[in-house]
Amino acid sequence: MSEITYHSLVLPEERLQPIRKQLYHSSEKGYYIFRNFLSNDLADHIQHFWTKQINPSLSHQLQTGNDVTSGQADSYKESKTKEVDTTTYFNFFWNPPVDEVSYQVALMINNLRNMIMAKPVYNEMLHFGERVVCYRMVITRLGVLTVPPHSDFTGKNFDPRRLQATLFLSEKGKDYTGEGFVLEDNQGKRVIMGSDEAIKSGDLVIWKYNNIHAVEKVQSTDEQSGFTRMIFPPQLLVDRNLKGTIKNLPGMQKAIKILKGKK
Amino acid sequence: MNVPISIEDLIDIGIEENLVPNKRFLEEWSYQNNWQLDALKTIGLEPKHHLLDVGCGPLRLGLSAIPYLDDEHYFGIDAFEPYVNMGKKVLAKAGIIKAYQLAVSSTFQFDQFQTAFDFAIAQSVFTHLSREQIEQCMQELKLVMQPGGQLIFTYIEQRKVPRGFLYYGVVPMIYPDHCDENFLKELANQNKVTFSKPDIQHKSQSVGLFTF
Chain A
151 MSEITYHSLV LPEERLQPIR KQLYHSSEKG YYIFRNFLSN DLADHIQHFW
201 TKQINPSLSH QLQTGNDVTS GQADSYKESK TKEVDTTTYF NFFWNPPVDE
251 VSYQVALMIN NLRNMIMAKP VYNEMLHFGE RVVCYRMVIT RLGVLTVPPH
301 SDFTGKNFDP RRLQATLFLS EKGKDYTGEG FVLEDNQGKR VIMGSDEAIK
351 SGDLVIWKYN NIHAVEKVQS TDEQSGFTRM IFPPQLLVDR NLKGTIKNLP
401 GMQKAIKILK GKK
Chain B
203 MNVPISIEDL IDIGIEENLV PNKRFLEEWS YQNNWQLDAL KTIGLEPKHH
253 LLDVGCGPLR LGLSAIPYLD DEHYFGIDAF EPYVNMGKKV LAKAGIIKAY
303 QLAVSSTFQF DQFQTAFDFA IAQSVFTHLS REQIEQCMQE LKLVMQPGGQ
353 LIFTYIEQRK VPRGFLYYGV VPMIYPDHCD ENFLKELANQ NKVTFSKPDI
403 QHKSQSVGLF TF
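Sequences listed follow chains A and B, in order. Here my numbering is used: position 3 in the first sequence is 153, and no number is missing along the way. Here my numbering is used: position 51 in the second sequence is 253, and no number is missing along the way.
Quick caveat, the hints were computed from the structure, so don't treat them as lab data. Wrong hints could be hidden among the right ones.
To be verified - Pairwise CB distance ranges (calculated): (1) N384(B) <-> G215(A): 41 to 51 Å; (2) P162(A) <-> Q403(B): 21 to 31 Å; (3) Y156(A) <-> E334(B): 48 to 58 Å; (4) E347(A) <-> D211(B): 27 to 37 Å; (5) T396(B) <-> I154(A): 46 to 56 Å; (6) G305(A) <-> G297(B): 23 to 33 Å; (7) F199(A) <-> G297(B): 54 to 64 Å; (8) N236(B) <-> G215(A): 37 to 47 Å; (9) P162(A) <-> G297(B): 42 to 52 Å; (10) A223(A) <-> Q341(B): 53 to 63 Å.
Stated by the list, open to error - Quick list of in silico lysine-lysine cross-link-like pairs, DSS-like style, CA-CA up to 27 Å: (11) K179(A) <-> K291(B); (12) K405(B) <-> K269(A); (13) K306(A) <-> K269(A); (14) K243(B) <-> K290(B); (15) K367(A) <-> K339(A); (16) K269(A) <-> K387(B); (17) K291(B) <-> K171(A); (18) K243(B) <-> K269(A); (19) K290(B) <-> K179(A); (20) K350(A) <-> K306(A); (21) K387(B) <-> K171(A); (22) K405(B) <-> K225(B); (23) K295(B) <-> K179(A).
Unchecked claim - Footprint (simulated), chain B over chain A, 3 or more residues, beta carbon under 8 Å: (24) 188 to 195; (25) 205 to 216.
C-beta atoms are modelled at their ideal positions from N, C-alpha and C, and glycine is treated no differently.
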């Protein structure tokens, strides 16, 4: 039986290399599928908890804006119209989990993503820096263009290192119909996850954040649970403690002048 | 002939050495390339001189210094082997055909080149070495620098709190707090070299010069 050491708990570089190449090299796909990342019992538990069990009015606050501040409570948002039916739960690692299974799985996925990006495993888990990861449960039952095509961390926020992770917790055909998550690969070819790539509940896809992606054309019946996934966007903290950035908050310039005057 | 290297090229070559793309590194590639050679020329580097690039990385400086210098007058050394391997591929991609020498060493084994250097550069090297490592670097440099030879280097003066970090998630390193003018003057005295601050600006760090 091999020894358990720090190094045995961290993925070795030679294991990470082919994953990184498939993600970052211009000739490769730009995404990597970890098939059967979660066993059926864990995937079923998480899907069931967030689609059937949860009572968000008791466990989450209603989300009122897009800003994230350190230590804020978990929140949720519902969009229900004739064209759209999506529920999103915004969860942070600094809050006690409403579901331990989801929390632990989210933590492991964030660790994995950080290892692939060659970042410390705790990176953006808490409010140390500019951004913090929000592990979001998203359930889409209906939507033509739930998330319009876009790419992240481009332009002035250019960061080619950034990866996103999507834990799939539903299956096309069984839980929803239509398209769902659509991603462009590194050659610009459109890939529908669940059609062009067979995806089962419990599969984890890690993909390049710069590549164009969207959630489109989802439909489900009353008996189906919808397109359910866990995603890990790193959100800007409005009260982040960085030189220069906090000065730009409304009212801060006046406050700084007053404080300097008092010194 | 120098073929321009694109950011995509750098990402592809880097990932072949298991180096994930680094935003700041890529954004500053051209700036650091130009700044280093310009700074060396300002203090007198000519094609006939022998140059030691301490912490050469993937040869940002090498890309312009090797064509500038005479054949086999550029010597690069780095502790991180993937960088050295990436550097060789960068030069091949750019079509550089002049000879150069590279080595991997975490203990500043400059004497393996068996060359006396007129100039040396350490850009963003002292910024993540411990006091002991900087002292060791100086001792090794003293063995290989020509009398009157110069080391130009960058450092960060205002850091108050030292920080440890894992470079690329695997190599333990330090951002030190000791690297201020007093430390550098003391280092110069101990090693019987001269410390000065040349009139050369860098966008994010201070610039120092040791004359041997």
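Exercise for the section: Could you grab the alpha-carbon distance between K295(B) and K179(A) and see if it respects the 27 Å cut-off? Expected result: OK: K295(B) and K179(A) at ~23 Å, within 27 Å.
Problem - CB-CB spacing for D211(B) and E347(A) relative to the 27 to 37 Å hint - result: 28 Å, holds
Problem - Pair hint outcome, K405(B) versus K269(A) [Cα-Cα no greater than 27 Å] - result: Within the cut-off at roughly 25 Å; holds.
Practice task
With a cut-off of 27 Å on the C-alpha distance, tell me whether K387(B) and K171(A) pass.
Solution key: Violated: K387(B) and K171(A) sit about 46 Å apart, past 27 Å.
Exercise for the section: Check the following: the C-beta atoms of N384(B) and G215(A) are separated by a distance inside 41 to 51 Å. Expected result: Hint holds: Cβ distance 49 Å, inside 41 to 51 Å.
Exercise for the section: For the range 53 to 63 Å, tell me whether the beta carbons of A223(A) and Q341(B) fit it or not. Expected result: The hinted range 53 to 63 Å holds for A223(A) and Q341(B), with Cβ atoms some 57 Å apart.
Practice task
Confirm or reject the claim that T396(B) and I154(A) have a C-beta distance inside 46 to 56 Å.
Solution key: Roughly 53 Å apart at Cβ, these two residues keep to the hinted range, so it holds.
Practice task
Verify the proposed pairing of K290(B) with K179(A), using a straight-line Cα cut of 27 Å.
Solution key: 26 Å, holds
Problem - Holds or violated: K269(A) to K387(B), with C-alpha atoms at most 27 Å apart - result: Since the Cα atoms of K269(A) and K387(B) sit roughly 36 Å apart, the hinted pair is violated (cutoff 27 Å).
Problem - Distance restraint between K243(B) and K269(A), which requires alpha-carbon spacing of 27 Å or less - result: 37 Å, violated
Handout entry: Satisfaction of hint between K290(B) and K243(B), Cα-Cα up to 27 Å
Key = 24 Å, holds
Handout entry: C-beta pair N236(B), G215(A): status relative to the range 37 to 47 Å that was hinted
Key = With Cβ atoms ~44 Å apart, the hint holds.
This entry does not satisfy hints 2, 3, 9, 16, 18, 20, 21, 24 and 25, going by the numbered hints stated previously.
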